[in-house]
Amino acid sequence: MSMLEIDKLSKVYKSGTFGGGMKPALRQVSFNIDQGEVVSLIGESGSGKSTLGKIILRLLSASGGRVLFDGTDILGLKPSQLHDYYRNVQGVFQDPFSSYNPLYKADRVFELVRQEYFGHLSQQQWDEKVQAALETVALNPADVINKFPHQLSGGQQQRLLVARALLLDVKLLIADEIISMLDASTRVDVLNMLVALKRKGLAVLFITHDLSLGNYISDRTVILRYGAVVEMGDTEKVFGHPQHPYTRHLLTAVPQLHRRWQAADAERNAADGLGAGGAKGSGAGMTGAQVSTFGADASSGGGQSQRYSKSGLHPRKAGPPPVPTGPRPSLMELEDQPWRSRFRVRGGPSVATVLANNAPPALVQFEPGHFVAVEE
Amino acid sequence: MSLKIEDLSVAYQSLRGDVQAVDRVSLSIADGEIMGLAGESGCGKSTLGNSLIFMEGRMKVTGGTVELDGRPLPISDSRAMNHFRLRAVSIIPQYAMSALNPTRRVGRMASDLLKSRGVRFSSVREEFQRRIALVGLPDDVLERYPFELSGGMRQRVTMVISTLLNPSLLIADEVTSALDVSTQRAVGEMLMEFRDRGFVKSMIVITHDLSILAQIADSILIMYAGKLAEKAGAATIIEHPLHPYTQRLLASLPEVGVRYEDAALTGIPGRPPSLLSPPSGCRFRDRCPFAFEKCAEDPPFIELRPGHHVACWKAEEEVASEGALQVQEAAR
Chain A
839 MSMLEIDKLS KVYKSGTFGG GMKPALRQVS FNIDQGEVVS LIGESGSGKS
889 TLGKIILRLL SASGGRVLFD GTDILGLKPS QLHDYYRNVQ GVFQDPFSSY
939 NPLYKADRVF ELVRQEYFGH LSQQQWDEKV QAALETVALN PADVINKFPH
989 QLSGGQQQRL LVARALLLDV KLLIADEIIS MLDASTRVDV LNMLVALKRK
1039 GLAVLFITHD LSLGNYISDR TVILRYGAVV EMGDTEKVFG HPQHPYTRHL
1089 LTAVPQLHRR WQAADAERNA ADGLGAGGAK GSGAGMTGAQ VSTFGADASS
1139 GGGQSQRYSK SGLHPRKAGP PPVPTGPRPS LMELEDQPWR SRFRVRGGPS
1189 VATVLANNAP PALVQFEPGH FVAVEE
Chain B
1222 MSLKIEDLSV AYQSLRGDVQ AVDRVSLSIA DGEIMGLAGE SGCGKSTLGN
1272 SLIFMEGRMK VTGGTVELDG RPLPISDSRA MNHFRLRAVS IIPQYAMSAL
1322 NPTRRVGRMA SDLLKSRGVR FSSVREEFQR RIALVGLPDD VLERYPFELS
1372 GGMRQRVTMV ISTLLNPSLL IADEVTSALD VSTQRAVGEM LMEFRDRGFV
1422 KSMIVITHDL SILAQIADSI LIMYAGKLAE KAGAATIIEH PLHPYTQRLL
1472 ASLPEVGVRY EDAALTGIPG RPPSLLSPPS GCRFRDRCPF AFEKCAEDPP
1522 FIELRPGHHV ACWKAEEEVA SEGALQVQEA AR
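Chains as they are written, first to last, in the working numbering: chain A, 839 to 1214; chain B, 1222 to 1553.
It is worth saying that the hints were derived from the structure and are not from the lab.
One should not assume that every hint holds.
Pairwise CB distance ranges, derived in the manner of DEER restraints [stated by the list, open to error]:
hint	chain 1	residue 1	chain 2	residue 2	range
1	B	A1485	A	R925	39 to 47 Å
2	A	L915	B	D1239	51 to 59 Å
3	B	P1323	A	S936	16 to 24 Å
4	A	H921	B	S1319	48 to 56 Å
5	A	S936	B	D1507	48 to 56 Å
6	B	R1526	A	Y923	42 to 50 Å
Selected chain B positions facing chain A (Cβ under 7 Å, derived; list incomplete) [said to hold, decoys possible]:
hint	residue
7	V1340
8	D1401
9	I1433
10	A1435
11	T1457
12	I1459
13	P1475
14	I1523
All residues carry an ideal CB built from backbone N, CA and C; glycine is no exception.
Same shape as in the complex, but just chain A:
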C-alpha cells in the first residue's frame, strides 16, 4: 500500500455572484506516492496542480474522491485529528518572501511549531532538534538563527521553511513551486537538498511548471492538463518517449541552452512521424482502437494545429481545447485562448453533473509504468 493514495479526486470551483458558474479544476485525478519517492506534478497555470496540493494539505475542500494517507481518508478528518495529520504532512509554497512575517525574526516559524507540538521539550532538547533540522537542509545555524527575514536570501528562507517541516518528522512534503522565485544559482541547492531528504525516506510531491526541474529531481511524473492526468509514469519513460501530444508540446516549449526552439519543433515533427509507426509496432499492450487513436493523432497533426490557431472562428464543443500538434503556427497567427475562460461547462448547476459531464480521458498503459490519456 502506498503512503499517499489519491483516488478519483475532483474539485469544482463555484464562481459568479450566485455561485452559478462551475469550473472543474480537478477531474478524477488518481495517483499515489510511496515512501522516499519524489513525484513531480507538472502543468501550466490553471491546470489544477496547486489545487491538488492544497487539498492534500486540507487547505481546500474536495468535491469528490478520496485522499488516503496510510490508509485513512484525510478528507474526513476532524479539526482535532488534523493536529496529528500535520505532523506527517507539511507544505512549502512558492513565495518565500511572503511566507514570513517581516516584523518577527525568521526563526519564529520554529517557535510556533514548538508551541503547537513540542511544549514538553526542554530548551536544550529543542535546540538540539532545531540544530539537527538545520543541518539536514545544509544551513549554518549562525547564518539564520536570530535573523530577520530580510537578512536572509530567498534560498535560505525556503530551506528554513523546509527545516520547519522537518522538525515535525514529516513523511510527506508538498513542495508547491518552491524554487520558481529563486535565482538559478540557488535553485540547485534547494533541489539537491530535496534529493538528500528523499534518500532519507521523505516523500515529496514536487509541483512545478518547469519540466527540466521536474525531470531532474523526480522518480515519477504526473502531467496534468485541465484538471485531468494526460500522461504519467516513471520519469525517464515519460520524458524519454512522451506519447501524449500535450507532453510533447510542453517539451518543445522548454527553453534549452543548447537547442533552439525551432530545432526542437523539427525534432518533434520527425518523432511524430516515427512515433505513430512505433506505437503501432509496439502495440502489444494496447487494444487496436487505442493504437489507431495514436496513429490518427500524429497523422492529423497539421489539421489540428489549424483548428487551434483559427479556433475562434468555429463553434466548438465543450471540453478542453485540442493540443497543438504538428508544425507550430507562427506566434502572430496564434490567438490568445485563455483555457479557463474558454471552458464551457455543460449541464446543470449540480457539482455531480458538472463532474459527470467533464469526465477525464481514459488512461491506457503504453508500456509498464507509463500511462497515457486517450483523448475522446
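Using the hints, position chain B against chain A.
Structure of chain B alone, referenced to chain A:
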C-alpha cells in the same frame, strides 16, 4: 550603433551611504541587436535597465554618458528624458501583467499615455489596431478593462503599447519569469518578431534565466555585483564561456533529460557581496574556485578573443597560454 554607454555608474542613496549598483559599465548595442543581460538578483541588471529610462528618486548617476542614435541621452534629468520616453526608449516593466491601470479601458489608457507624449491617439489608432491583431488579440480589446483579460493577454497589450511609437531601444525586464513554458516561448518569439518587423530597433532583455537568452538573444552580457563580467555573442557565452561566474551559472541550470542520478548539478556557494562596501579586487573572488593571488587586483574588462570581452585574470592567462601554444605550433 544605436546605444552606446560609457563608464556609466549608478548609485542608490541610502542612510548608510551610497550603494553602487552599477559600477563603470561600458557597452554598445548595434541596430537590430537583442542583447541579453543576465546575473543573479542584486547584480545591478535591473538598475542598469531602469536607469536608461527612469531614475527613481533615490537613484543617481555618479558618472558616465549614454548616447542613443548618436545623440546624448540625458538620463539624470528626468524632465528632459520625458521627450525620449516611449518615443526613443521604452520599457516593458518587470510585472507587465499588473502594469495596466485597472480603472481605465485599455484604449483610454493608451490614449492618455500618448497624449502625455503629445501624440494624438487618432493618428496611431490604425497602427495600434493592426498590431493588436498581429499579436493575436481580439479587436475589441481596446474597449476592455484589464481585469477582463487573461495574464498572457495583458502581457501582450503592455508590449504593444510600449512599442507603439517604434522606440529605438526597448528594455524588457524579466518579461518571461513567472510564466509557464508555452507562454514563455510565445513571449520570447514575439520579442524577436517585434525586432524583425522593425517595431523596435534594438532591445535589452533582462533576465536571470540564461536558457531563454540562449533562444532569443544575439549577444549576452553577464553582470556580477554591479560590474560587467563577460560579454560575447549568445552562442559563445553558452558554448564557450570564459568567466568562472558564467561557467558556474550555466552549470547550475538543469536541462531536460538530466537527472540527479546521472549528474548532480552544483549551485554557486555563497552570496554576492554587499555593494554598500564592495570588496576590492575581483568581486567574484570569494566564490570563485580558481581564485589566486592576482585576483586581489581589479581585473579589467578587456577583449580576449574577437568580440569576446571578459573581466577575469584567470581567463586572461588561459587565453594567453592558448595563444602561446598556437604561436609555438605555427613556429614548428
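Consistency of the hints with the structure:
no.: 1; hint: B:A1485 <-> A:R925: 39 to 47 Å; result: violated, 31 Å
no.: 2; hint: A:L915 <-> B:D1239: 51 to 59 Å; result: holds, 56 Å
no.: 3; hint: B:P1323 <-> A:S936: 16 to 24 Å; result: holds, 21 Å
no.: 4; hint: A:H921 <-> B:S1319: 48 to 56 Å; result: violated, 38 Å
no.: 5; hint: A:S936 <-> B:D1507: 48 to 56 Å; result: violated, 30 Å
no.: 6; hint: B:R1526 <-> A:Y923: 42 to 50 Å; result: violated, 60 Å
no.: 7; hint: V1340; result: violated, 25 Å
no.: 8; hint: D1401; result: holds, 4 Å
no.: 9; hint: I1433; result: holds, 5 Å
no.: 10; hint: A1435; result: holds, 5 Å
no.: 11; hint: T1457; result: violated, 13 Å
no.: 12; hint: I1459; result: holds, 5 Å
no.: 13; hint: P1475; result: holds, 4 Å
no.: 14; hint: I1523; result: violated, 25 Å
The structure fails hints 1, 4, 5, 6, 7, 11, 14 (numbered hints given earlier, in ascending order).
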